[in-house]
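Let the sequences and hints guide you as you build the complete structure.
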Amino acid sequence: MKLTTPRLLLREFQEEDWHFTNLYESNEEVMRYQTSNTRTSQESLEYIQQCLAEAQEDPRTLYDFAIVLEATDMLIGRVGMKVDHDAEEAVLWYILNRSYWNKGYISEAATAMLGFGFDQLNLHRIWADCDPRNTGSYRVMEKIGMRREAHFKENIFIKGEWCDSYVYAILDHEWKLVKS
Numbered sequence: 001m002k003l004t005t006p007r008l009l010l011r012e013f014q015e016e017d018w019h020f021t022n023l024y025e026s027n028e029e030v031m032r033y034q035t036s037n038t039r040t041s042q043e044s045l046e047y048i049q050q051c052l053a054e055a056q057e058d059p060r061t062l063y064d065f066a067i068v069l070e071a072t073d074m075l076i077g078r079v080g081m082k083v084d085h086d087a088e089e090a091v092l093w094y095i096l097n098r099s100y101w102n103k104g105y106i107s108e109a110a111t112a113m114l115g116f117g118f119d120q121l122n123l124h125r126i127w128a129d130c131d132p133r134n135t136g137s138y139r140v141m142e143k144i145g146m147r148r149e150a151h152f153k154e155n156i157f158i159k160g161e162w163c164d165s166y167v168y169a170i171l172d173h174e175w176k177l178v179k180s
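Numbering-wise, the UniProt record's numbering puts 62 at position 62 of the sequence shown, and it's gapless, one number per residue.
Check the hints yourself; a few may be wrong.
What the hints assert, rightly or not - Straight-line distance between alpha carbons at most 20 angstroms, and here's what the computed PhoX-like set of lysine-lysine pairs gives: (1) Lys103 / Lys143; (2) Lys82 / Lys103; (3) Lys143 / Lys179; (4) Lys82 / Lys2.
What the hints assert, rightly or not - Simulated restraints, written as ranges between beta carbons of each label pair: (5) Pro6 / Gly160: 17 to 27 angstroms; (6) Trp162 / Lys82: 18 to 28 angstroms; (7) Leu121 / Ser165: 34 to 44 angstroms.
By construction, these hints were calculated from the structure, which means they are not laboratory data. As the structure is a computational prediction, the values presented were derived from the model and not from experiment. Think of the CB as a built atom: it goes at the ideal place given N, C-alpha and C, for glycine as much as any other residue.
And the structure:
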């Protein structure tokens, strides 16, 4: 399965992609607000193997795609959703190699995922969360039409500290207005 945007190809991971994912997964700055720590090469490979296995489940609930620049065929990040079919909703996530920040790639990839979720999976709601200190992440959420629903105080313990969370979401009928 794959999705395309004007500049990107969002495709299923391949096992050998770990070389590229480890470029950002081993970077402290990129992983600062992630729930996991930086990853070793082996951990990056194991994560991709886990994604490949989950993608085979029926019904499929995990859509975790490599973000590839069309012009250069370079894998620069990941975008994905975990779907709860019973609730007709999904949680959205993304991560990008530091060298490609502030170029609109994540907004482009996340918008494609929203379109896939609403138009093909017929979801009612897609949500995402981030640490409020991660301004780049919540700005992406706002740029793609999501609205802030909550600011939870010290609701999650990550990497030795209690952290706040912003929760953003968009509903199917709101998406229709955003994309038109």
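**OP:** Output the numbers, in ascending order, of every earlier hint that fails for this structure.
**Re:** Structure breaks hints 2, 5 and 7.
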